Structures are given as C-alpha cells and as structure tokens.
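Protein chains: 2
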Amino acid sequence: MAAWGERLAGVRGVLLDISGVLYDSGADGGVPIAGSVEAVARLKQSRLKVRFCTNESQKSRGDLVRLLQQFGFDISVDEVTAPVSAACQILRERGLRPHLLIHDGIRPEFDEIDTSNPNCVVIADAGESFSYQNLNKAFQVLMELENPVLISLGKGRYYKETSGLMLDVGAYMKALEYACGVEAEVVGKPSPEFFKSVLREMGVEAHQALMIGDDIVGDVGGAQRCGMRGLQVRTGKFRPSDEQHPEVKADGYVDNLAEAVDLLLLHADQ
Amino acid sequence: MAAWGERLAGVRGVLLDISGVLYDSGADGGVPIAGSVEAVARLKQSRLKVRFCTNESQKSRGDLVRLLQQFGFDISVDEVTAPVSAACQILRERGLRPHLLIHDGIRPEFDEIDTSNPNCVVIADAGESFSYQNLNKAFQVLMELENPVLISLGKGRYYKETSGLMLDVGAYMKALEYACGVEAEVVGKPSPEFFKSVLREMGVEAHQALMIGDDIVGDVGGAQRCGMRGLQVRTGKFRPSDEQHPEVKADGYVDNLAEAVDLLLLHADQ
Chain A
8 MAAWGERLAG VRGVLLDISG VLYDSGADGG VPIAGSVEAV ARLKQSRLKV RFCTNESQKS
68 RGDLVRLLQQ FGFDISVDEV TAPVSAACQI LRERGLRPHL LIHDGIRPEF DEIDTSNPNC
128 VVIADAGESF SYQNLNKAFQ VLMELENPVL ISLGKGRYYK ETSGLMLDVG AYMKALEYAC
188 GVEAEVVGKP SPEFFKSVLR EMGVEAHQAL MIGDDIVGDV GGAQRCGMRG LQVRTGKFRP
248 SDEQHPEVKA DGYVDNLAEA VDLLLLHADQ
Chain B
8 MAAWGERLAG VRGVLLDISG VLYDSGADGG VPIAGSVEAV ARLKQSRLKV RFCTNESQKS
68 RGDLVRLLQQ FGFDISVDEV TAPVSAACQI LRERGLRPHL LIHDGIRPEF DEIDTSNPNC
128 VVIADAGESF SYQNLNKAFQ VLMELENPVL ISLGKGRYYK ETSGLMLDVG AYMKALEYAC
188 GVEAEVVGKP SPEFFKSVLR EMGVEAHQAL MIGDDIVGDV GGAQRCGMRG LQVRTGKFRP
248 SDEQHPEVKA DGYVDNLAEA VDLLLLHADQ
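Heads up: the protein sequence lines correspond to chains A and B, in order. Per this note's numbering, the very first residue in the first sequence carries number 8; after that it's consecutive. Per this note's numbering, the very first residue in the second sequence carries number 8; after that it's consecutive.
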C-alpha cells in the first residue's frame with residue numbers, strides 16, 4: 008500500500024462517523040472512545056473542514072449532540088448530517104404520509120408530517136420497538152398498498168453498544184423487503200445522495216474528502232463509491248475480517264480516530 | 008391451458024398443505040375453510056394416496072392434528088410431514104447444538120437435543136417471540152461462531168390468520184442472513200429434500216404427485232422444481248396477483264380444496 012503521505016495528499020475535508028468512532032452507545036448512555044474527544048478538538052483546530060455524518064436514527068440530532076457534549080466533544084447540531092431530515096424532505100416533496108416504525112427518541116422529528124391514512128412506511132433503528140407486532144403492522148400497511156413504498160433510514164447490519172453487537176435497521180429493512188417483495192429506498196449512508204449533501208455542506212469536492220468510519224461497507228465503501236477516500240477505524244463494530252472484506256478495501260486502517268488525526272495532521276493538505 | 012383431464016392425468020398421490028388449505032389459523036385457534044373437511048374425507052376414500060405436508064412450526068404435529076381433528080378432519084399424526092423432525096435429524100447427524108429461536112409450542116420437540124454451548128441457530132415461526140431481544144440474541148450467537156450455521160424451518164414470507172396476514176419465519180431468516188452475512192439452510196418446503204421425503208413416505212414418483220397449497224412459491228413452485236405438479240387454491244394467503252406471478256405458473260388455480268378434489272376425483276388416475 009502507498010505511503011500515508013500519498014494516500015492522504017490533497018484531503019481538505021473530513022467526514023466523521025459518530026457511533027463507533029466518537030463513542031460506543033449503550034443503554035446507560037454509552038462511553039467515549041479513548042482519545043476521540045482530543046482528536047476531534049485537534050482536527051477542528053486545523054485547516055481541515057470537518058463534518059459529522061451519522062446514520063443515528065434512535066435519537067434526534069439535538070439529543071445526540073447534547074450527549075456528545077457531555078462527553079466533552081466540541082460539536083454542535085449544525086455540524087451533524089443525519090438521515091431524518093432528508094427523509095422528511097422526501098416525504099414532503101412526494102406527498103407521502105408515512106406509517107412510522109421508529110424509536111420514540113426521533114418521533115418528535117416527524118411532528119409536522121401528516122401520518123393519517125398512510126401511503127408508505129418509514130423504518131429507522133427502532134431498537135426494542137422492533138417487536139413482532141410492530142414489524143407485522145408495518146408489513147400489513149405495505150401489503151395493503153397498490154404501490155408499496157418503503158423508506159429506510161440507513162441499512163446498517165449492526166452496530167456496537169457497550170453491551171455487545173446490536174442489530175441495526177438494515178436487518179429489519181431486509182425482512183420487510185422479502186416479506187412484501189419490495190426494494191427499500193435508503194436515506195442516509197451509503198446512499199450517494201446523502202454523501203453528496205454532506206460534501207455540498209462542506210464545500211469540498213469528493214476527491215478532496217475523507218470519510219472515517221467503523222463500517223467497512225456503509226462508511227468506507229459508500230464514500231469510495233462517491234469518489235471520496237475512506238479510512239476504517241479498529242473501534243466500534245470493526246472486526247478483524249473487515250481488513251479482508253471481499254468487496255471493499257479501505258484507503259487505510261487505523262487503530263482509532265486519534266491515530267487517523269495524527270496521520271491527517273502530518274500528511275493532509277494543511 | 009390444457010384441459011383438466013390432461014393436467015391431472017396419472018396423478019396417484021396428493022400432498023396437501025394445511026394452513027390456508029384446510030384451515031386458517033388464528034389467536035382463537037382458527038377456523039376450517041369451507042368444504043375442506045368433506046374434501047379431505049372424499050380424497051381419503053378414493054384410491055389416491057394422501058399426505059399432509061406443512062411448514063407449521065409454531066405447534067407440534069400432535070397439537071396441530073388434535074386441533075384439526077376438533078374441526079372434524081380425518082387426519083392422524085403419522086400422515087403429517089413437518090420440518091421439525093427433519094431439523095432434529097440434521098442436528099443429531101452433524102453434532103450441532105442449537106440456540107433455539109422458536110415458539111414455545113414446539114420447544115418440547117427439542118427436549119432431547121443438546122442446547123448447551125450452541126454452535127448453530129435454529130429459527131422457526133416464533134410469532135410474538137420474535138422480539139428485538141430474542142432476534143438480537145440469535146444474531147449475537149451467530150456472530151460469535153467461526154463457521155455460523157443458521158437452520159430455518161421453512162422460509163415463508165407470510166401466512167394468513169383469521170385477523171389478517173402475518174409475517175412468517177422467512178422474513179426473520181432474511182434479517183439474520185443479512186446481518187450476519189450467512190445463508191440459511193432451509194428445512195421444510197420448498198427444500199427439495201423435504202418434498203422428496205414426502206414422496207418416499209407416499210411411495211409415489213414425483214411425476215405422479217400433485218401438491219395443493221396456498222403459497223405460489225413455497226408450495227407450487229417448490230413442488231414443480233421437484234418434478235411434481237402444483238395447484239394453488241384461492242384461499243389462505245392467496246392473492247389475485249399470484250396468478251400472474253413472474254416466476255411460478257401453477258398447473259391450475261382452484262377456488263378451494265373442495266374444487267381441487269372434485270377435479271381430482273373426475274380426472275386423476277383412479
């Protein structure tokens with residue numbers, strides 16, 4: 008593999024995944040990943056542009072940012088791109104009235120969306136709310152529709168909590184796709200529209216941008232398909248087998264965000 | 008389409024699906040489908056061989072047969088082929104110790120199977136037991152295994168209860184397949200091994216056998232792939248779009264089992 012200097016040359020903007028990179032979530036709120044608070048601070052003091060890019064769909068951006076601030080992270084709501092606002096925009100543009108299979112934590116984000124007489128289903132990381140009854144209800148709504156529309160906030164397979172690996176929305180999206188014979192529209196990583204909106208917000212071109220995440224497919228692969236570079240951290244849901252992934256080869260693997268920032272501050276376009 | 012006489016010529020054995028053909032299940036026990044009790048009786052009085060072939064995995068064969076007998080069906084346990092016994096045989100042959108994601112109704116069938124220190128997951132139609140916590144536990148067991156083995160009792164998308172369409176085991180199988188990056192081994196319809204075991208039990212060749220079911224893919228398509236013929240009934244989970252299914256074309260569509268038996272008694276090899 009080329010030297011780090013070559014791999015990071017010309018980077019002007021950095022997209023940071025949150026869960027598994029900044030902190031590990033958990034029923035107790037979670038814990039910051041060692042070195043990440045300082046790493047974010049150093050990155051933001053550099054000339055690199057920084058944006059947080061998450062598929063978090065259990066918490067509102069406000070709740071997530073408040074939690075991260077409590078851990079000491081230098082982060083504000085308008086630096087975070089999350090799929091729920093993109094989803095609401097799609098619903099409004101297309102006159103869709105969703106049946107919501109979501110966590111109560113993000114329900115307020117849909118307060119101004121008409122959910123009467125649903126003509127689509129929106130699924131997010133509902134956690135414990137993924138009961139048989141709730142998934143079955145979403146299934147029944149889709150089966151009643153002549154043109155079933157399923158919108159999924161991300162399609163992650165799993166994420167890591169302090170207590171272990173946890174099923175993410177993608178697994179339930181696949182269950183509904185199979186049961187109803189539909190294909191979901193994914194909002195959030197790895198959808199190209201989502202990455203492109205982050206690049207617009209940063210004002211950098213794809214070839215000048217680097218995504219840092221713990222998901223080899225959703226973060227690294229998704230960013231690479233948009234012409235960006237992608238680093239995988241060995242924290243969060245990282246598994247050693249990711250380094251031999253059959254489809255995705257990261258532009259680099261680092262132990263954690265702190266190592267990624269060390270390398271960036273040494274080698275990226277300053 | 009050819010005349011019924013041609014389509015049913017040479018049939019010597021009939022495989023009957025149970026749920027959606029004999030009765031519709033439900034929280035209250037369910038209801039027999041009109042005409043099916045008499046149809047089974049007439050079929051069994053004919054020279055045709057009859058066998059019941061179900062993917063039922065919420066109830067033991069004994070409980071299912073007792074329920075059907077209460078509705079008036081002429082049926083006994085040894086006439087029913089269900090996936091649970093095939094699954095137990097596989098577990099024993101391969102020294103597999105399952106983590107069970109199943110309905111309490113069939114738990115006793117696994118009484119003699121070693122479930123300590125699991126090295127595989129068996130998933131069946133667990134109904135309300137498909138909680139987030141239970142699915143996540145099965146996921147975590149698979150992720151801990153070096154060679155994850157997932158055995159699924161059927162892969163149905165949904166079935167019909169008296170209260171409406173209900174998600175079947177296939178949806179949850181797909182969720183685990185996606186989350187863990189594994190492919191499940193399906194025991195039960197439409198696995199060819201399952202159909203072949205029924206043919207052996209009946210003592211008829213595939214080309215002499217007719218499957219009657221409400222599932223265009225699992226019953227009709229599965230039987231046809233084994234060289235059998237398949238009729239779909241317009242009861243149970245049947246939907247009008249099934250008659251234009253992109254992949255499976257039944258050898259005939261009938262309103263219900265009673266009509267199928269009328270036609271068989273007129274045209275099949277007597």
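Take these hints with a grain of salt, some might be off.
Since the list gives no way to pick out one identical chain from another, each pair is judged satisfied if it fits inside one copy or across any two copies.
Derived lysine-lysine pairs resembling DSS-like cross-links, with alpha carbons at most 30 angstroms apart [said to hold, decoys possible]: (1) Lys203 - Lys144; (2) Lys66 - Lys144; (3) Lys167 - Lys256; (4) Lys56 - Lys144; (5) Lys167 - Lys51; (6) Lys144 - Lys167; (7) Lys144 - Lys51; (8) Lys56 - Lys66; (9) Lys167 - Lys66.
Derived by calculation from the structure, the hints in this document are not laboratory data. Fair warning: this is a prediction, and the values are worked out from it, not measured in the lab.
Evaluation of the provided hints:
In this homomeric assembly, lysine 203 and lysine 144 never come within 30 angstroms of each other (Cα to Cα): the closest approach is 33 angstroms inside a single copy and 36 angstroms across copies. In this assembly of identical chains, the alpha carbons of lysine 66 and lysine 144 lie at most 30 angstroms apart whether taken from the same copy (22 angstroms) or from different copies (23 angstroms). Proximity of lysine 167 and lysine 256 under a CA criterion of 30 angstroms is satisfied intra-copy only: 21 angstroms inside one chain copy versus 45 angstroms between copies. Taking the closest pair of Cα atoms, lysine 56 and lysine 144 never come within 30 angstroms of each other, the shortest separation being 43 angstroms inside a single copy and 40 angstroms across copies.
Proximity of lysine 167 and lysine 51 under a CA criterion of 30 angstroms is satisfied intra-copy only: 26 angstroms inside one chain copy versus 56 angstroms between copies. In this assembly of identical chains, the alpha carbons of lysine 144 and lysine 167 lie at most 30 angstroms apart whether taken from the same copy (27 angstroms) or from different copies (14 angstroms). With identical chains, the CA atoms of lysine 144 and lysine 51 are never at most 30 angstroms apart, being 45 angstroms at best within one copy and 39 angstroms at best between copies. Proximity of lysine 56 and lysine 66 under a CA criterion of 30 angstroms is satisfied intra-copy only: 25 angstroms inside one chain copy versus 59 angstroms between copies.
In the homo-oligomer, the alpha carbons of lysine 167 and lysine 66 lie at most 30 angstroms apart inside one protomer (16 angstroms), although the nearest pairing across protomers, at 35 angstroms, exceeds that limit.
Of the hints listed earlier, those the structure fails to meet are numbers 1, 4 and 7, in rising order.
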